[in-house]
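Trainee: Here is how the chains run, residue by residue.
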Amino acid sequence: MVVNCEQVWLEISNYLEDDVDATLRSAMDEHFRTCKRCASVLEGTRNVIRLYGDERMIEVPAGFGRRLERRLAQSARVSGTRWSTWSAWLVPVAALLLFAGGLRVANSLTSGPELKSKHAQPGWGIPPDMQVVVTADAKVFHVAGCGVIHNKATERTLTAKEAMEQGYVPCLRCMREYLRTASVGYVGLEPEADVDVDADAERETRATGH
Amino acid sequence: MREQELIARAQRGQNELFYELVKPYERRVYAAALAILRNEADAEDVAQEAMLKAFANIRQFRAEARFSTWLIQITVNEALMRRRRDRTVVMEGIDERREEESDYAPRDFADWREIPSEALERKEVRQKLAAALATLDRKYREVFVLRDMEQLNIQETAEALGISVASVKTRLLRARLMLRDLLAAGWQQGWFSRLPFEKGSKPW
Numbered sequence: 008m009v010v011n012c013e014q015v016w017l018e019i020s021n022y023l024e025d026d027v028d029a030t031l032r033s034a035m036d037e038h039f040r041t042c043k044r045c046a047s048v049l050e051g052t053r054n055v056i057r058l059y060g061d062e063r064m065i066e067v068p069a070g071f072g073r074r075l076e077r078r079l080a081q082s083a084r085v086s087g088t089r090w091s092t093w094s095a096w097l098v099p100v101a102a103l104l105l106f107a108g109g110l111r112v113a114n115s116l117t118s119g120p121e122l123k124s125k126h127a128q129p130g131w132g133i134p135p136d137m138q139v140v141v142t143a144d145a146k147v148f149h150v151a152g153c154g155v156i157h158n159k160a161t162e163r164t165l166t167a168k169e170a171m172e173q174g175y176v177p178c179l180r181c182m183r184e185y186l187r188t189a190s191v192g193y194v195g196l197e198p199e200a201d202v203d204v205d206a207d208a209e210r211e212t213r214a215t216g217h
Numbered sequence: 222m223r224e225q226e227l228i229a230r231a232q233r234g235q236n237e238l239f240y241e242l243v244k245p246y247e248r249r250v251y252a253a254a255l256a257i258l259r260n261e262a263d264a265e266d267v268a269q270e271a272m273l274k275a276f277a278n279i280r281q282f283r284a285e286a287r288f289s290t291w292l293i294q295i296t297v298n299e300a301l302m303r304r305r306r307d308r309t310v311v312m313e314g315i316d317e318r319r320e321e322e323s324d325y326a327p328r329d330f331a332d333w334r335e336i337p338s339e340a341l342e343r344k345e346v347r348q349k350l351a352a353a354l355a356t357l358d359r360k361y362r363e364v365f366v367l368r369d370m371e372q373l374n375i376q377e378t379a380e381a382l383g384i385s386v387a388s389v390k391t392r393l394l395r396a397r398l399m400l401r402d403l404l405a406a407g408w409q410q411g412w413f414s415r416l417p418f419e420k421g422s423k424p425w
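Chains as they are written, first to last, in the numbering used here: chain A, 8 to 217; chain B, 222 to 425.
Only chain A is shown next, with the shape it has when bound in the complex:
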C-alpha cells in the first residue's frame, strides 16, 4: 500500500491516536521516511499535542480554590450535612476576617484617594489581601488572566487593598462574584455601573492604543 501526502494529512491525527490499521500505519511510516513535508507535519502536530497537554497550560484565577472550598462548605451547611475539621471553623473565621478587612478598606476609602473612575463603586466585598493586577494608565484592577486587561506589558501585581488605596476600581467581569455579594450591603452599584466600567476599559484601550 502506498499513500500520498493528502492521504497522510487526512489520517495524521488518527495515526497519532494509534487509530489506524497496521497496513495504513506501515504505509504512513514509509511515507514519513521519504517525505520531509509530511515528517514536518507529523512532528509539528506532536509538538502541539505535547505542549497543550502540559498542565502548565491551564491557569486558574487567583483565589479559585479558596472560593470553591467556601462554596462547598456553604453548600454542605445548607443541605444540613456536616463539614467538619479545620474547614468548619475556618469558614466563619475567614468570613469574619473578610468582614473586618472589608470594613477597614471601606473606612480607608471614605477618606482615601479619589477613585480613578467616577463611574464605578469601590470593591468593598473583595478580600483585601487578594492578589490583583493593574496596568499603566488604567483605572481598573483585575484577577490575573482576566480577558479585558489592556496594555499587558505594563502589568504589575499588588493586593486588592493596595489597588483600592491607589484609586483603582474592580473589573466588573472578573470581580463580579464579589461585587454581587457586596452590592447587597450597600447602595450604589446599579446595573448600569457594569456598562460604565466596560466603557472605562474601552477608553483605556483607545488611550493605550491596544
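Hints are computed from structural coordinates only; laboratory data are not their basis. Don't take every hint at face value.
Claimed, not checked - Quick list of the computed label-pair ranges, beta carbon to beta carbon:
hint : chain 1 : residue 1 : chain 2 : residue 2 : range
1    : A       : Arg-84    : B       : Arg-233   : 14 to 24 Å
2    : B       : Asn-374   : A       : Thr-166   : 36 to 46 Å
3    : B       : Gln-376   : A       : Asp-144   : 47 to 57 Å
4    : B       : Asn-298   : A       : Glu-37    : 41 to 51 Å
5    : A       : Glu-62    : B       : Ser-388   : 21 to 31 Å
Unchecked claim - The calculated BS3-like cross-link candidates involving lysine-lysine, where the alpha carbons are at most 30 Å apart (straight line), are:
hint : chain 1 : residue 1 : chain 2 : residue 2
6    : B       : Lys-344   : A       : Lys-159
7    : B       : Lys-344   : A       : Lys-168
8    : A       : Lys-43    : B       : Lys-349
9    : B       : Lys-244   : A       : Lys-168
10   : B       : Lys-244   : B       : Lys-344
11   : B       : Lys-244   : B       : Lys-349
12   : B       : Lys-244   : B       : Lys-274
13   : A       : Lys-159   : B       : Lys-349
All C-beta atoms in this analysis are idealised placements derived from N, C-alpha and C, irrespective of residue type, glycine included.
Following the hints, complete the assembly by docking chain B onto the known chain A.
Mentor: Just chain B now, with coordinates in the frame of chain A:
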C-alpha cells in the same frame, strides 16, 4: 490518601474530604468551562457550580468511570447549559457555520523538532499558545481542549459534547493542524526566540 479511598469516604458523608478529592482537578475543570464559555468569570462560576453538583451527587458516582472524566462531563454539561441559557453565542465565525471539512492542508513545511517543555515556564509563551487556541472556532476548540488538554478519550469527548465519534475525529484533526500552523507562524514572530535552539532551524 488514595483517590478511591477519598471517594469512598466522601460517599459515606465525610464532606470535608470532597475538596481534597477535587482539588487536583481544579485546573482541568476550569479549562473545560473556559473552552466552552470563553469568559473567565463565567468559567469560574460554572466550574464551581459543577463541583457543587458533583458534591451533591457524589453517591451516584460509580467506580467503573474515571472520577476526572465524571467531573469533566458534569462541567461540560453545566457550561453548555449556561451557554444556552445566556445565549452567549451571538456571532459565530464563518467556519463555525460551515459543514465539517476534513481536507485542511498544512501550510508550513519547515523542519521541526521537539520544543523543550521548558518553553512553558515562560508566561509569555503560555499566553501566546492560549491566544492561538482562542482563535479556533468553537467546535474545533472544544474538541481539542477536551481531548488534548483534558485527556478525555475520543468516545468520552463525543459523549460530553453530544456529537458523533466521527465528528470528534474530524474536528480534532483540523484543530491540531490549525494550531500547528499557528505555532509555525508564532515561530516567525519570535515566540520561542529566547530558547536555546540551533540557529536557522525551527524547534520542531
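Trainee: Work down the list of hints and note, for each, if the structure agrees.
Mentor: Here is how each hint holds up against the structure:
Remark: the range hint 14 to 24 Å for Arg-84/A to Arg-233/B is upheld by a beta-carbon distance near 19 Å. Separation of Asn-374/B from Thr-166/A is about 43 Å and conforms to the stated range, judged on CB atoms against 36 to 46 Å. Taking 47 to 57 Å as the suggested C-beta distance range, the pair Gln-376/B and Asp-144/A conforms, at roughly 50 Å. A beta carbon spacing of about 44 Å between Asn-298/B and Glu-37/A agrees with the range 41 to 51 Å that was offered as a hint.
In this structure, Glu-62/A and Ser-388/B meet the distance hint of 21 to 31 Å, their C-beta atoms being roughly 27 Å apart. Proposed proximity of Lys-344/B and Lys-159/A is supported: the alpha carbons are some 12 Å apart, at most 30 Å. Annotation: proposed proximity of Lys-344/B to Lys-168/A holds, straight-line Cα distance about 25 Å (limit 30 Å). Distance hint between Lys-43/A and Lys-349/B is fulfilled; the C-alpha atoms sit about 27 Å from each other, no more than 30 Å.
For the hint linking Lys-244/B to Lys-168/A, the alpha-carbon distance of about 27 Å falls within 30 Å, and the restraint holds. Distance restraint check for Lys-244/B and Lys-344/B: the Cα-Cα separation of roughly 23 Å lies within the 30 Å cut-off, and the hinted pair is therefore satisfied. With a CA separation close to 27 Å, the supplied pair Lys-244/B and Lys-349/B stays within the 30 Å bound. Taken as a hint, the Lys-244/B and Lys-274/B pair is honoured in the structure, with Cα atoms around 15 Å apart against an allowance of 30 Å.
Restraint check: the Cα-Cα separation between Lys-159/A and Lys-349/B comes to about 13 Å, which is no more than 30 Å; the hinted pair holds.
Hint check: no violations occur; every hint is consistent with the structure.
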